[in-house]
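Chemist: So the chains spell out like this:
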Amino acid sequence: NAGVTQTPKFQVLKTGQSMTLQCAQDMNHEYMSWYRQDPGMGLRLIHYSVGAGITDQGEVPNGYNVSRSTTEDFPLRLLSAAPSQTSVYFCASSYSGLGVYGYTFGSGTRLTVV
Amino acid sequence: AQTVTQSQPEMSVQEAETVTLSCTYDTSESDYYLFWYKQPPSRQMILVIRQEAYKQQNATENRFSVNFQKAAKSFSLKISDSQLGDAAMYFCAPSYGKLTFGQGTILTVHP
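Going down the list, the protein sequences come from chains A and B. Under the numbering used here, think of the first position of the first sequence as 71, with each following residue one higher. Under the numbering used here, think of the first position of the second sequence as 138, with each following residue one higher.
Simulated from the structure, these hints should not be mistaken for laboratory data. We put the CB at the ideal spot given by N, CA and C, even for glycine. Check before you lean on any hint, since a few could be wrong.
Covered stretches of chain B (chain A as the covering partner; in silico rule of three or more C-beta atoms under 8 Å from a C-beta of chain A) [unchecked claim]:
{"#": "1", "region": "160-170"}
{"#": "2", "region": "181-195"}
{"#": "3", "region": "238-247"}
Please model the entire structure based on the sequences and the hints provided.
Modeler: See the structure below:
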């Protein structure tokens, strides 16, 4: 099925560990983005990409790295996990940043840092 | 910073009744789109309805419609004939090249 695939769905990390959240889409979308959702808050933008080789920071980029080597993939790297990064992470993609046809979201990754 | 305000943290409605969720936003952009997303307990983000800012006509999708007031920067969602399956968190989300979310409104539907 066409869509956005996020892996893993759940992850527990120890403080200081690093890991990569994977995001892949098969809709040939140029725009991809990462959000985090904390309890009682809306989704906040971490990083985004308007095409292969192009990335930029969102509202809450500290502690995260991204790269976009292909149109399909947009991994999010946690460099040194902290308890403050405990959250649900969503990847979203669209034909363009404006989202003319809407954005498609992955099913999310629940990350717990202990 | 471009802000999105959903002033109703929680709303409730009786099944088959109508409910309106409010949203205001702040932007200096002239070209943008506006969305309402639904997030049920499964946490999946589901697109409910979209509105092009350059269109004066309000968007409708079956039981869902919006009241878009561009000058007032207001974008409310009306759900008619509410169903139990409408119970979820609803997010207002304008896009000016990046999608920005409000804090959400939890909608409860009573049978």
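Chemist: Determine for every hint whether it applies to the structure shown.
Modeler: Cross-check of the supplied hints:
1. 160-170: Since three or more residues must qualify, the claim that chain A covers the region 160-170 of chain B holds, with 3 doing so at under 8 Å.
2. 181-195: With 4 residues close enough to chain A, the hint holds.
3. 238-247: The restraint on the region 238-247 of chain B holds, since 4 of its residues have a Cβ under 8 Å from chain A and three suffice.
In summary, this structure violates none of the numbered hints.
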